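Given the coordinates of chain Z, assemble chains A and P onto it according to the supplied hints.
What follows is the residue order along each chain.
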Amino acid sequence: MSKQMIFTEIKKGYAILNIKRDPVNSMNLALWQALSSEVKKLEADQSIRAVIFNSALERPIFTAGNDIMELYAPKTNLERFQSFWKVQNQFLASLYNSRLTTVAAINGACPAGGTCLSLVCDYRIATPDVSMGLNEVALGLTVPEYWMKLLVKVVGQTYAEKIILFAQMVNGKKALEINLIDRLVESREALLPAAEETVKQLLKTPDSGRVICKNILREPLAKEWGDESRLAAESAQSWKLLSSPSTVKSLDGVFARLSKPKL
Amino acid sequence: MSKQMIFTEIKKGYAILNIKRDPVNSMNLALWQALSSEVKKLEADQSIRAVIFNSALERPIFTAGNDIMELYAPKTNLERFQSFWKVQNQFLASLYNSRLTTVAAINGACPAGGTCLSLVCDYRIATPDVSMGLNEVALGLTVPEYWMKLLVKVVGQTYAEKIILFAQMVNGKKALEINLIDRLVESREALLPAAEETVKQLLKTPDSGRVICKNILREPLAKEWGDESRLAAESAQSWKLLSSPSTVKSLDGVFARLSKPKL
Amino acid sequence: MSKQMIFTEIKKGYAILNIKRDPVNSMNLALWQALSSEVKKLEADQSIRAVIFNSALERPIFTAGNDIMELYAPKTNLERFQSFWKVQNQFLASLYNSRLTTVAAINGACPAGGTCLSLVCDYRIATPDVSMGLNEVALGLTVPEYWMKLLVKVVGQTYAEKIILFAQMVNGKKALEINLIDRLVESREALLPAAEETVKQLLKTPDSGRVICKNILREPLAKEWGDESRLAAESAQSWKLLSSPSTVKSLDGVFARLSKPKL
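Residue numbers (the numbering used here), protein chains in the order written: chain Z, 1 to 263; chain A, 1001 to 1263; chain P, 2001 to 2263.
Just so you know, the hints here were simulated from the structure itself, not pulled from any lab data.
It cannot be assumed that every hint is accurate.
[Claimed, not checked] Covered by chain Z, per the in silico footprint, the following chain A stretches (three or more residues, Cβ under 8 angstroms):
#1 1152 to 1158
#2 1202 to 1210
#3 1247 to 1254
Here the structure is a predicted model, which is why all the values come from computation and not from measurement.
All C-beta atoms, glycine included, are put in the ideal place defined by N, C-alpha and C.
Bound-form chain Z, shown alone:
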């Protein structure tokens, strides 16, 4: 089943990891598990030095973020939610400090979990129609603490607070201006070629020193983020909000909008 969601192309020294879970690449437990095991496989292969994350959907969507079914209390339960939370956050924390050089090739919609996946990468390239942010507040939800810390590192406290507290979404031009992305390409067609060109450029320097430097820069945050008991406490806390009547009602509204034709 994982194979249906992810397929990887191996190139010379790097891999392109394509995500395809119709219709919008929403990330459920199975998709996070598939991502996690695929990246572990690539990390174990010493011929692979870098990975590009790419959406294989035809629509302009990198990923719609977490699958709302995983957050909607009537359709899940505390135990499953805690497992979901742990797999997702330990994958993201581990990828943040991967020995691989990581590039996100972002086209179109990229809210919440999609933005966080891109934030843990070393380099972000996007199309002008991109829409990025950690917009959980718009649904009455909270942004996970370490997702916020990461956004603060990448764009600074001032922009991070605007994005988080007021659920502001950012387009490609603005994302480049505030360092949320590193490079803007003009079209979807130009995206993957630009990502591959970037990877080749970045890999011109040897891995030995870089991997050590990356670890010094990133291990402290990655370790705290992925800590098992911290995640268990955090997900128990989040569950209280998710199972409250007001949140359930807010997500009911999301489902109603999603079920309308012509979304």
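Showing chains A and P alone in chain Z's frame:
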């Protein structure tokens, strides 16, 4: 007496807190106390979701910062200074993590304490003739540690150090460029309408998730900043500098300038 | 011997510290020792309030960074390397928190150690042909932890990671854009006059408050950075990488390039 310094207008879901202490809104113990009790009252009113800080002076002055009489050793004493220090810093630290969405509508002069009041807000709007900074060093004084930490968060280490170490004041255009403000309006007349429009925009998202996120982002700094024993030690240390002959002489010079006609 | 490498001009209230170690101001143990003792002398002289670091080479080179002979295991040994590491890093950490106002006048090449020397200064002025970065990764080496932390403070995490992990060098225009320098001048001839003008401007405010503020802002990092046992552990760790066959081979390649005519 507080009522003479502050008057609040209640709007639909938010309040406008007007400051008016002639001639320049200099902030003495009574004004900080009035601000503190007014904000507590607004926070206790669940119909109020946001507050705008505004100067009701006719002159182009948001506030001139701390009243120099509170810092001038010959006219105060250690006990009063420590009380002043505590009230001011606990108010600012608490406002930094308020459940209210906070907007500063800054016109004209806004040195030191005025800038710090705006820095603890969620959003800063200003006129082009604004003059902001933490310019205590120009008087031979020090900037309080947590005021510096906050400025570093908002504009980054590089600009914060220039502003602090060399007492550089920043105008509206530059303030926008370095993220010291979030929005620039063209005139005093446009300021309050823009602040109200911003508040209405920001309040489109629900409070539930935002208040939790704000608390996660800001509570650590707010808690350290407002810690009673830390403040007592800090004010004792500051008093040494304030009561030194060289500082008293430097403030004598300020009084001489202030007493000149045509200030 | 130190006198041949460094000569200082005393001006009214400040000093210009000229570095001249032909051919490229590469920094060996003796040069770091000379810098350290010269700055201590200036700090002890209460008539001196600021220092400008300047290259006295004719070529467009601020400094080529650490002398590769100090890093090349076949020509040094663990004991000498540890001494080199300690002298260099304790000098830099101490200068970072100097009571003196410090300005770097950077012309031309300024890799690695040259960039770090400029990063500990309060103000950086450069020519357009400047080339700055912490490019150790290009040689398979690592950037010292506190050099990275300092770069993160100055330019933010996003640019710092690009510079460090991918050994990116930055020219004058880009350096100004990302706050790696504070002022760009148009030519070598304009550099030192601009640095002197800047110093005079910065010294218009009194030292008393500034020195305390600088200490509050910088002492925590400076103290950790210069800690003797931390440095001993770090240099032992670095020595493992430096004495590995792959690093020795990589530095052999550097020597081969350096020995070519027309470098």
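Structure-based check of all given hints:
1. Interface restraint, the stretch 1152 to 1158 of chain A with chain Z: holds (4 residues with C-beta to C-beta distance below 8 angstroms; minimum three).
2. With 6 residues having a beta carbon nearer than 8 angstroms to a beta carbon of chain Z, the stretch 1202 to 1210 of chain A meets the requirement of three or more and the stated coverage holds.
3. Note: the stretch 1247 to 1254 of chain A has 0 residues with beta-carbon separation from chain Z under 8 angstroms; the three-residue rule is not met and the coverage is violated.
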